[in-house]
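Take the sequences, apply the hints, and build the full model.
Residue numbers (this note's numbering), protein chains in the order written: chain A, 1 to 299; chain B, 1 to 325; chain C, 1 to 326.
Hints in this document: simulated from the structure, not taken from any laboratory. Heads up, the beta-carbon is just placed ideally off N, CA and C, and yes, glycines get one too. There's no promise every hint is true.
Stated by the list, open to error - Here are some, though not all, of the chain C residues that point toward chain B, as calculated from beta-carbon distances under 7 Å:
| hint | residue |
| --- | --- |
| 1 | ARG89 |
| 2 | THR103 |
| 3 | ALA120 |
| 4 | ILE305 |
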Amino acid sequence: MSEVAALPPPESAFGRFARRFIEDRVALIGLGLLVVVILVALLAPWIAPQNPYDLASVDVMDSRQPPGSHAGEGFTMWLGSDGVGRDLLSGILYGLRISLTVGIVSGVLAASLGLMLGLLAAYAGGRTETLIMRVVDLQLALPSVLVALILVALLGKGVDKIILALVVVQWAYYARTVRASALVERRKEYVEAARSLGLSHARTMLRHILPNCLAPVIVIATVQTAHAISLEATLSFLGVGLPQTEPSLGVLIANGFQYMLSGKYWISFFPGLALLVTIVAINLVGDRLRDVLNPRLER
Amino acid sequence: MLAFILRRLMQAVFVVVAMVVLVFFGTYVIGDPVWMMVPGDATIEQVGEVRRTFGFDQPVYVQFLHFLGDVVRGEFGRSYVHGTSAIALILARMPATMELAFAALILAVVIGLPLGLFAGLKPEHPAARAIMAGSILGFSLPTFWVGLMLIMLFSVMLGWLPATGRGPVVSIFGLETSMLSLDGWRHLLLPALNLALLKISLVIRLTRSGTREAALQDYVKFARAKGLSQSRIVGVHILKNILIPIVTVLGLEFGSLVAFSVVTESIFAWPGMGKLLLEAIQRLDRPLIVAYVMVVVLLFVTINLIVDILYSALDPRVRLSESEA
Amino acid sequence: MAGPVLAVDNLATHFFTRDGVVKSVDGVSFEVKPGEVLGLVGESGSGKSVTGFSILGLIDPPGRIVGGSIQLNGEELVGRSESEMRKVRGKSLAMIFQDPMMTLNPVLRIDTQMIEAVLAHDAVSEKAARARAAEALGMVGIPAPEERLFAYPHQFSGGMRQRVAIAIALLHRPSLIIADEPTTALDVTIQSQILAEVQRICAESGTALVWITHDLAVVAGLADRVAVMYAGRIVEQGGVDDVLDRPCHPYTQGLIGSVPGAHPAGARLHAIPGSTPSLKHLPQGCAFAPRCTRADAACAVAPPITMNQGRAYRCFHPAAQAGASA
Numbered sequence: 001m002s003e004v005a006a007l008p009p010p011e012s013a014f015g016r017f018a019r020r021f022i023e024d025r026v027a028l029i030g031l032g033l034l035v036v037v038i039l040v041a042l043l044a045p046w047i048a049p050q051n052p053y054d055l056a057s058v059d060v061m062d063s064r065q066p067p068g069s070h071a072g073e074g075f076t077m078w079l080g081s082d083g084v085g086r087d088l089l090s091g092i093l094y095g096l097r098i099s100l101t102v103g104i105v106s107g108v109l110a111a112s113l114g115l116m117l118g119l120l121a122a123y124a125g126g127r128t129e130t131l132i133m134r135v136v137d138l139q140l141a142l143p144s145v146l147v148a149l150i151l152v153a154l155l156g157k158g159v160d161k162i163i164l165a166l167v168v169v170q171w172a173y174y175a176r177t178v179r180a181s182a183l184v185e186r187r188k189e190y191v192e193a194a195r196s197l198g199l200s201h202a203r204t205m206l207r208h209i210l211p212n213c214l215a216p217v218i219v220i221a222t223v224q225t226a227h228a229i230s231l232e233a234t235l236s237f238l239g240v241g242l243p244q245t246e247p248s249l250g251v252l253i254a255n256g257f258q259y260m261l262s263g264k265y266w267i268s269f270f271p272g273l274a275l276l277v278t279i280v281a282i283n284l285v286g287d288r289l290r291d292v293l294n295p296r297l298e299r
Numbered sequence: 001m002l003a004f005i006l007r008r009l010m011q012a013v014f015v016v017v018a019m020v021v022l023v024f025f026g027t028y029v030i031g032d033p034v035w036m037m038v039p040g041d042a043t044i045e046q047v048g049e050v051r052r053t054f055g056f057d058q059p060v061y062v063q064f065l066h067f068l069g070d071v072v073r074g075e076f077g078r079s080y081v082h083g084t085s086a087i088a089l090i091l092a093r094m095p096a097t098m099e100l101a102f103a104a105l106i107l108a109v110v111i112g113l114p115l116g117l118f119a120g121l122k123p124e125h126p127a128a129r130a131i132m133a134g135s136i137l138g139f140s141l142p143t144f145w146v147g148l149m150l151i152m153l154f155s156v157m158l159g160w161l162p163a164t165g166r167g168p169v170v171s172i173f174g175l176e177t178s179m180l181s182l183d184g185w186r187h188l189l190l191p192a193l194n195l196a197l198l199k200i201s202l203v204i205r206l207t208r209s210g211t212r213e214a215a216l217q218d219y220v221k222f223a224r225a226k227g228l229s230q231s232r233i234v235g236v237h238i239l240k241n242i243l244i245p246i247v248t249v250l251g252l253e254f255g256s257l258v259a260f261s262v263v264t265e266s267i268f269a270w271p272g273m274g275k276l277l278l279e280a281i282q283r284l285d286r287p288l289i290v291a292y293v294m295v296v297v298l299l300f301v302t303i304n305l306i307v308d309i310l311y312s313a314l315d316p317r318v319r320l321s322e323s324e325a
Numbered sequence: 001m002a003g004p005v006l007a008v009d010n011l012a013t014h015f016f017t018r019d020g021v022v023k024s025v026d027g028v029s030f031e032v033k034p035g036e037v038l039g040l041v042g043e044s045g046s047g048k049s050v051t052g053f054s055i056l057g058l059i060d061p062p063g064r065i066v067g068g069s070i071q072l073n074g075e076e077l078v079g080r081s082e083s084e085m086r087k088v089r090g091k092s093l094a095m096i097f098q099d100p101m102m103t104l105n106p107v108l109r110i111d112t113q114m115i116e117a118v119l120a121h122d123a124v125s126e127k128a129a130r131a132r133a134a135e136a137l138g139m140v141g142i143p144a145p146e147e148r149l150f151a152y153p154h155q156f157s158g159g160m161r162q163r164v165a166i167a168i169a170l171l172h173r174p175s176l177i178i179a180d181e182p183t184t185a186l187d188v189t190i191q192s193q194i195l196a197e198v199q200r201i202c203a204e205s206g207t208a209l210v211w212i213t214h215d216l217a218v219v220a221g222l223a224d225r226v227a228v229m230y231a232g233r234i235v236e237q238g239g240v241d242d243v244l245d246r247p248c249h250p251y252t253q254g255l256i257g258s259v260p261g262a263h264p265a266g267a268r269l270h271a272i273p274g275s276t277p278s279l280k281h282l283p284q285g286c287a288f289a290p291r292c293t294r295a296d297a298a299c300a301v302a303p304p305i306t307m308n309q310g311r312a313y314r315c316f317h318p319a320a321q322a323g324a325s326a
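What follows is the structure in structure tokens.
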């Protein structure tokens, strides 16, 4: 239906984006949750009742206490305690720090690597493109959990190794997305214009094509970060991820597994709940971002 | 059609060769392959002996050719832990994994398709919104944690279903299955549901978006203009159109089910090859790991190939454009 | 004299979108007599297709028929339940769509799509239904119909697909067919073939036809009467020669003026100044006034329908006196 659209009041791109984002109440809840999760993770040392790394403050006598018990130190363990007597709430707050750090660091590294290779593929074309995209296809054809599992099997345990494995399984998604949108952008006139002005390849790519590819990358980044956090937890749960000295949420859940069959559910349940809330919050935000940033869906 | 199959076959071979190269570099070059051959407490003399015997003092390309020969013969050495042929161990555990993955696939379709259809036909209905919220949750729930919660709820608290293991296995037409007895199903249900969770969400989303798109098409409006009943329009006109992409995606997802069964099998102590892989990783049983990777890659490539060919056979439009090309 | 096949009275179909109410059809009235061909003319967005879909009851949310009456063979259609409408659709009231490439389901064979249409209204055997399908295909000029039944839609050309769609519409010998620009998407030569075919079949079977189009040339060759729509309203209707030769409404006049071929070669075509108004922000009064050379202060009020010797128009300043000899 052809109609003359009424002129909307002038609005900044970000203002328009923010306005569209908050139209969806569910997404707003997701954003709120995400902010809370990040805040408590950052503030863990100040708000946690106990420092789970400080062995002096942990009493084995407090182990496997149900939620609401009182610790020997006097504070209430609202979520109970784990197998060695650590307050579970404190463990979760500190675990969240590790899980988020691993997820975000691997996400940023993978995004950078994927961006560079994706842009290179789109811009260079020819053999370079074929080679990069073949590797991307190969990577995407294999399930990430399996690739990560095999990688950590070869590399061994540790935060750095987990991050490396997560980067390896994620970069291809970014590369594929960036290449696709860069190819679209490349054909547009302003790129021709930039080139005809004599701008260098690198400059054209970074200053002109890259900013226009960012919207899909942001969407992918949310989904992939949630995925990375979940994957790290899975690997740690399986005993091939982070070591006991870096107790992420996955490690906490794994530690509680052995007690679960005897009915002591909380040791696995609450860290899992924290993990779930984190991932759901990121996914809700990501879902909305996709709707808002995807111009095809705009009406 | 023949040209199409040949082209796909070439791509499949490329993937397998690429994986062989990657596995070779991953296990032989990055790690010292000698450690795959000797027990952990070997002396330096023993290590040197093995190095010479297996030719690891030779140039890389010679070693690669040897490895290639081993792969072609399906020979990956003996498992350290079990002391028997690695490939034989993997193959012996394969039917259990296949059964689990297959059951999960069935569950995904049986649960996901009706829910997705409903959500697609009545997108504004509160139940449809609940289904979609549930599918976001399904994508977000970490598989392993859901497994734990299923055990906690149905095995520990309610006591309805066994927490671990596989039911009695019978062999029928050469296929081993535990699906023929009630006890077998009782053991299968929880792990299959756990494994299916992600795919249920996937099927719901695919079905919903496919249904919404198809419902807007002229042919649906024309079908309504013909005076057809709603059930005929949904059951024939819409379903037949969305089934092709769903079947395709599900076929491709079968491989990821096999991969994810590593997690599910280890939680539910399901005696499949995924559990075997995890044990191999924990004990650094490298021949077993290499054998697993090669078997799974071959499985993947085969599935993708079959799905692609089936897809072109299913969709009359693809069929035609291929025969004209 | 028999009553009209179709009597539409003061029909209003509105779309309640997030950005406001779109009055796609707003007070449309017309009648179609048995065997008559009515050309419903207008630009895209004028509401002519929505009128067609309203008659079949195929308006989906956020759209809704908000008022008026539609009578088919004397029976009211507005307010009927979906299942009651289903008994009419395809039976006494059929529709042909604009794009033949989209109207047939690509993954179902032609026979499936024709037989189901027969069985939707008649309890006959599948064999009998197949025979009827083949017969209908033969009627629209498709050679070897029994064999072609086994084909998929993509094995037909656009023109052939439209013939299949017409055959489906004819299966139950409806008293009225609504054709929504069925030839627009086709080549010109195919277009004229299809036009001739439809004209012949309708004349033979006594089927009335509402032919929705933006193409005045088609209307001139096909229709008995014509109704011109602008911004959700019929601005002028009457006998086809009457209206085309002596348009009363300035908009009709503008439409005719913008058709090539209505002028001597080399003469300038007259484009109507301005563009179709947004249906969300219709001007008070006559919707055409902002583009009209004759508009004055009186046009700030919506003009009522003026009836004059078989002509009806909504204008205070008609260009020609209806009925006056040229």
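Violations among the numbered hints, reported as their numbers in ascending order: Violated hint (a single one): 4; every other hint is consistent with the structure.
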